[in-house]
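For the sequence shown, the numbering used here begins at 113 and goes up steadily by one.
Just so you know, these hints were derived from the structure itself, not from any lab. Using N, Cα and C, we set each Cβ at its ideal position, and we do this for glycine too.
Cβ-Cβ distance ranges computed for the label pairs, FRET-style:
#1 LEU279 x GLU220: 14 to 24 angstroms
#2 PHE119 x GLU285: 40 to 50 angstroms
#3 SER154 x THR301: 54 to 64 angstroms
#4 GLN187 x GLY150: 30 to 40 angstroms
#5 GLY189 x ASP287: 21 to 31 angstroms
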Amino acid sequence: MARPREFDYEKVLDSGLQQFWRAGYEATSLDDLLEKTGLSKSSLYGVFGSKHEMLLASLDRYIDTVLQANIEDLQRGPARVAIMRSFEKILGFVPSSKICFLQVCATELAGHDQLVRTRVRRGLERLQRAYRDAILRGQARGAFASGVDADALSGFLITNLYGLQVLGRAGFETDGRRKTLALVLNALT
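Take these sequences, add in the hints, and give me the full structure.
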């Protein structure tokens, strides 16, 4: 009979997610994961199989929790306010050094890791659909120009969202990024 787990799987996964998010995959050692999760080497391998499998589980967890919460926020309230709130939440504006976990994984691994690429793409497609739906809602209520292609505009939002994150991580000041965000949002009207 298998021995029952003596730890909270989601708490352990969240600890691993935070470590990968902070340091990236390559810079995260097995010792880092053991320290952050409190697991023994045999427990970590017994549950996740490998560091890579833990990363993939962390990506899934991020998409299903953090990203999903942002998507749900986009469905509430006036579309313009929801989109602005979403950008500010994802960009964080504090701390500017922490960017979306999807972007961390995309820039470090998606170019050569098909499993990571598939998950990152799935997350970004979900977020882009949520922006498109908010744009369509805003267009239907007269808040946004109706003659603009909502799919193209949602792609424009995603592109700028991730570009603004890179600028923040590179040390660009918050005020400049806020001004850029205002220009991006003006493209909706």
